[in-house]
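Chain residues, written in single-letter form:
There are 2 protein chains.
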Amino acid sequence: MDRTLVEQIVRQVAVEYLGRNGKGPAPTLTVMASARHMHVCREDMDVLFGPGTELTVYKDLYQAGNFAANEKVTIIGPRSRLISNLRILGPMRKQSQIELAFTDAIMLGFDDLPVRLSGNLAGTPGAIIMGPKGTIQLKEGIIRAAIHVHMNPAEAAFFGVKQGDKMKLRVGGPAGVTFNQIHVRIDPASRLNVHMDTDEANACGLHLTKDIELIK
Amino acid sequence: MDRTLVEQIVRQVAVEYLGRNGKGPAPTLTVMASARHMHVCREDMDVLFGPGTELTVYKDLYQAGNFAANEKVTIIGPRSRLISNLRILGPMRKQSQIELAFTDAIMLGFDDLPVRLSGNLAGTPGAIIMGPKGTIQLKEGIIRAAIHVHMNPAEAAFFGVKQGDKMKLRVGGPAGVTFNQIHVRIDPASRLNVHMDTDEANACGLHLTKDIELIK
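Heads up: the sequence lines are chains Z and A, in that order. Numbering of the first sequence is given in our numbering, commencing with residue 1 and proceeding in unit increments. Numbering of the second sequence is given in our numbering, commencing with residue 1001 and proceeding in unit increments.
Chain Z extracted, bound-state conformation:
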């Protein structure tokens, strides 16, 4: 069920920016749709997959060091419905976290899932997570990820933005949408890259257009 979305970790559109304002070199903007997924901590990995087990690489992701893992779990929501084959993205983190689209969340029974940046998990709901070797009761960590853009300091200088700013992303085409709340996340190891979820990608018809613009 819905395996397509799980397998389609990334649907990608790349846009070349022309150099402007004499601030070159011009970065390439890549926009990706992330399907629902989990990030797992060492302690939860031990229970779900067995003590000392490690995530194994299914596919490398765009940001260096990040990967879709072969390992998958099942999430059981408050309405006693479940989503199986929920893929884990590596590497492991300090705290487990699950990112759902609202479509997933509503189906599972999370009617008021908070919109959060990754890692900001205080007060978010939990769920029962089943792995092949064991089950955990996650106390918190279920979020709808806020749409965001990763960039390095040179790219931030190109756009004239700083950590914590918000930008807009205009997507053209027949279902054209402008996302007005793109959180800016700057890290020297990052590549210019907007992350949206599957609801956002499907709302704007991301697969239908390359007329995409990141706007300060």
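Bear in mind the hints are in silico, worked out from the structure with no lab data behind them. Keep in mind that a hint or two might mislead.
[To be verified] Beta-carbon label-pair distances, calculated as ranges:
1) Z:Ala-14 - A:Lys-1139: 35 to 43 Å
2) Z:Ser-118 - A:Leu-1082: 31 to 39 Å
3) Z:Ala-154 - A:Gln-1095: 51 to 59 Å
4) A:Pro-1132 - Z:Asp-111: 30 to 38 Å
5) A:Pro-1174 - Z:Glu-213: 17 to 25 Å
6) Z:Ser-84 - A:Lys-1059: 27 to 35 Å
7) A:Ser-1118 - Z:Val-47: 47 to 55 Å
8) A:Thr-1053 - Z:Asp-211: 40 to 48 Å
9) A:Leu-1082 - Z:Asp-60: 31 to 39 Å
Glycine included, every Cβ here is placed at the ideal spot set by N, Cα and C.
Once you've looked at the hints, dock chain A against the given chain Z.
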């Protein structure tokens, strides 16, 4: 599976417009999320539910005369996956039509579903539809409905728009989005009402805000 979305035919936000430009009376804008659904023609109704059967009212919808019916079907997509409990909206139409969100469409295997206004079905894909009394092979009629606004002529005058124009809908809140391709559909029997699908409602977090504005 996903029954919530099927049952949740409408998620509704109403916004009072202040009178402006001396063009009152000020209309109330209602924004609704339509879950996937079918419109059925007489001939297909006969096969799916039996000769001469009629749709029965489950719930009246916002536009006068329109209703969610008790009758439901199953759609089988090209990837041999299916969605059951697909609700029919009445009254009957001249041609059967099924409106899916891209999330539904991708799951079923429609990777390039056209974005169309209702009734504009030439060249759209078909599917096998199962009812309690029989099965049809719909030759065409599966679309992702284009986001649109219904209004009557007085409301059109208030906004200064005409049939076929496009407007924008700005939705505020933590997942704020501006929809740039809202098709204007004017009919004397209509009430001011934006129809979006569940992907669009979930992308913008329609349930999270009343800061909504329809813009010429």
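How the hints compare with the structure:
no.: 1; hint: Z:Ala-14 - A:Lys-1139: 35 to 43 Å; result: holds (37 Å)
no.: 2; hint: Z:Ser-118 - A:Leu-1082: 31 to 39 Å; result: holds (34 Å)
no.: 3; hint: Z:Ala-154 - A:Gln-1095: 51 to 59 Å; result: holds (55 Å)
no.: 4; hint: A:Pro-1132 - Z:Asp-111: 30 to 38 Å; result: holds (31 Å)
no.: 5; hint: A:Pro-1174 - Z:Glu-213: 17 to 25 Å; result: holds (22 Å)
no.: 6; hint: Z:Ser-84 - A:Lys-1059: 27 to 35 Å; result: holds (32 Å)
no.: 7; hint: A:Ser-1118 - Z:Val-47: 47 to 55 Å; result: holds (50 Å)
no.: 8; hint: A:Thr-1053 - Z:Asp-211: 40 to 48 Å; result: holds (46 Å)
no.: 9; hint: A:Leu-1082 - Z:Asp-60: 31 to 39 Å; result: holds (34 Å)
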